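Enquirer: In the order they appear, the protein sequences are chains A and B.
For reference, each letter of the first sequence is one residue, going 1 to 313 in the working numbering.
For reference, each letter of the second sequence is one residue, going 1 to 137 in the working numbering.
Simulated from the structure, these hints should not be mistaken for laboratory data.
Any given hint might turn out to be false.
Said to hold, decoys possible - In silico DSS-like pairs for lysine-lysine, Cα to Cα no more than 30 Å straight-line:
no.: 1; chain 1: A; residue 1: LYS134; chain 2: B; residue 2: LYS81
no.: 2; chain 1: A; residue 1: LYS197; chain 2: A; residue 2: LYS210
no.: 3; chain 1: B; residue 1: LYS50; chain 2: A; residue 2: LYS74
no.: 4; chain 1: A; residue 1: LYS197; chain 2: A; residue 2: LYS177
no.: 5; chain 1: A; residue 1: LYS162; chain 2: B; residue 2: LYS103
no.: 6; chain 1: A; residue 1: LYS162; chain 2: B; residue 2: LYS50
no.: 7; chain 1: B; residue 1: LYS50; chain 2: B; residue 2: LYS81
no.: 8; chain 1: A; residue 1: LYS162; chain 2: A; residue 2: LYS74
no.: 9; chain 1: A; residue 1: LYS162; chain 2: B; residue 2: LYS81
no.: 10; chain 1: B; residue 1: LYS50; chain 2: A; residue 2: LYS177
no.: 11; chain 1: A; residue 1: LYS134; chain 2: B; residue 2: LYS50
no.: 12; chain 1: A; residue 1: LYS162; chain 2: A; residue 2: LYS134
no.: 13; chain 1: B; residue 1: LYS81; chain 2: B; residue 2: LYS103
Because the structure is a prediction, the values reported are computed rather than measured.
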Amino acid sequence: MNYEERLQSWVGRRLSEPRRGQDPVNVPMIRHWVEAMEDDNPVFLDEDAARATGRDGVVAPASMMQAWTMRGYKASVNADSAPPTGGDELVALLAEGGYTSVVATDSEFTFERELVPGDHVSVEERVESISPEKTTGLGTGRFISTIRTYRDANGEVVATQKWRTLRFRPAEKPKPKALRPRPAINPDNAFWFEAAKEHRLVIQRCADCKSLRHPPGPCCPQCGSFAWDTVESSGNGHVYSYVVNHHPRHPAFDYPLIVAVIELAEGTRLIANMTGIEPADVRIGMPVALDWIDPDPDLSLPVFRPAGPRSQT
Amino acid sequence: MRYEDVTVGQELPELAIPLTRTMIVATALAGRDYQDVHHDPDLAVQRGSKDVFMNILTSNGLVERFVTGWAGPAARVKGIKIRLGAPNYPGDTMTMTGSVSAKDDDARRVEVAVRGVNAIGPHVTGTVTIELSEGAA
Numbered sequence: 001m002n003y004e005e006r007l008q009s010w011v012g013r014r015l016s017e018p019r020r021g022q023d024p025v026n027v028p029m030i031r032h033w034v035e036a037m038e039d040d041n042p043v044f045l046d047e048d049a050a051r052a053t054g055r056d057g058v059v060a061p062a063s064m065m066q067a068w069t070m071r072g073y074k075a076s077v078n079a080d081s082a083p084p085t086g087g088d089e090l091v092a093l094l095a096e097g098g099y100t101s102v103v104a105t106d107s108e109f110t111f112e113r114e115l116v117p118g119d120h121v122s123v124e125e126r127v128e129s130i131s132p133e134k135t136t137g138l139g140t141g142r143f144i145s146t147i148r149t150y151r152d153a154n155g156e157v158v159a160t161q162k163w164r165t166l167r168f169r170p171a172e173k174p175k176p177k178a179l180r181p182r183p184a185i186n187p188d189n190a191f192w193f194e195a196a197k198e199h200r201l202v203i204q205r206c207a208d209c210k211s212l213r214h215p216p217g218p219c220c221p222q223c224g225s226f227a228w229d230t231v232e233s234s235g236n237g238h239v240y241s242y243v244v245n246h247h248p249r250h251p252a253f254d255y256p257l258i259v260a261v262i263e264l265a266e267g268t269r270l271i272a273n274m275t276g277i278e279p280a281d282v283r284i285g286m287p288v289a290l291d292w293i294d295p296d297p298d299l300s301l302p303v304f305r306p307a308g309p310r311s312q313t
Numbered sequence: 001m002r003y004e005d006v007t008v009g010q011e012l013p014e015l016a017i018p019l020t021r022t023m024i025v026a027t028a029l030a031g032r033d034y035q036d037v038h039h040d041p042d043l044a045v046q047r048g049s050k051d052v053f054m055n056i057l058t059s060n061g062l063v064e065r066f067v068t069g070w071a072g073p074a075a076r077v078k079g080i081k082i083r084l085g086a087p088n089y090p091g092d093t094m095t096m097t098g099s100v101s102a103k104d105d106d107a108r109r110v111e112v113a114v115r116g117v118n119a120i121g122p123h124v125t126g127t128v129t130i131e132l133s134e135g136a137a
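Isolated chain A, as found in the complex:
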């Protein structure tokens, strides 16, 4: 049997043996219910008022039907304590299809008579239909319709409930892309990242001997001067060296990732990613031109693409 046939084979089947409620219909539970609901209809707690309406005495709220057959605290918090039912098997089969989430969509009760204290209700549930896969706002899933039949101690039907749930695969929420690792910005290199935010590639220059240097530092490696200013790079250069990173992967990057040492026309070198080219096409010495990326609101970085007309990748 394929999956669809295995699913449809549940139609008409009983999900569990008839299950009797833990307790008969009783006034304390009715009182708890109507107080919590703030339902002041007197027929639930006041014998005289109930008789005045033509009833024999107090009755339970119709909407409590399901409450009389709930499993109770112990079975709810310790689901393994009860032997698996057909319902559990169907849930497992649905999970196999990826339908792991559930939401109830419809409940349709028909009541045959009012319940009175002393009634002991049992319930059984049969599968009425399993829909084809449908796409909903919550995700893709199947509507499972069942019929629950509620009976009193004599086996007489007191209510039926059509119950519809959607078992679905939660719609994938696009994960926010991870941020690139933050550059370690300090008073000596902050100017470089500030300029980058304005999409200007600057090079630090010694104010005394005029030699250029990168990465930024406080002191000229040529003459030892602490005085400096900057020049703006033309953005032209060539690939001095490169690696293609496949592993380990950081979630902020797309792989394979080209990490290149670019020698600028001005003579300094910097490490940057490349864009507009396949890793296999990168060559040492190839001319490149500056471009900019803004991976997130707080970060702009230079990247380099092959010089000349933009390649069609």
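Once you have looked at the hints, place chain B on chain A.
Expert: Quick look at chain B alone, frame taken from chain A:
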């Protein structure tokens, strides 16, 4: 309410129900519904909800209260058919409105279309059918 006094199209008085956290937890437990999403905020969030939310038995209970509150104690509830939508979260208010959508003279039954709307949208829409037997007032 006497059956004879009910007319199709008649509107029920609006009912605004404050949805407090205590009420959402208390109603779930009153129906012996111990699912954590109805009382444990941390687990509700873990399961993808923004907070605990009202259970379905309570939605049924509140539409019953809304309709029988209007129809009076003699009314007997014969059907509650609801479709569920926006969850009822603590701090919100559900406003219930309704109108008589059909009458069945032979069975002396009245069908009321109900709607409970919270800040997100319709939480519950459906019908409640009640029977107003002869002599019932």
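Enquirer: Which numbered hints does this structure break?
Expert: none
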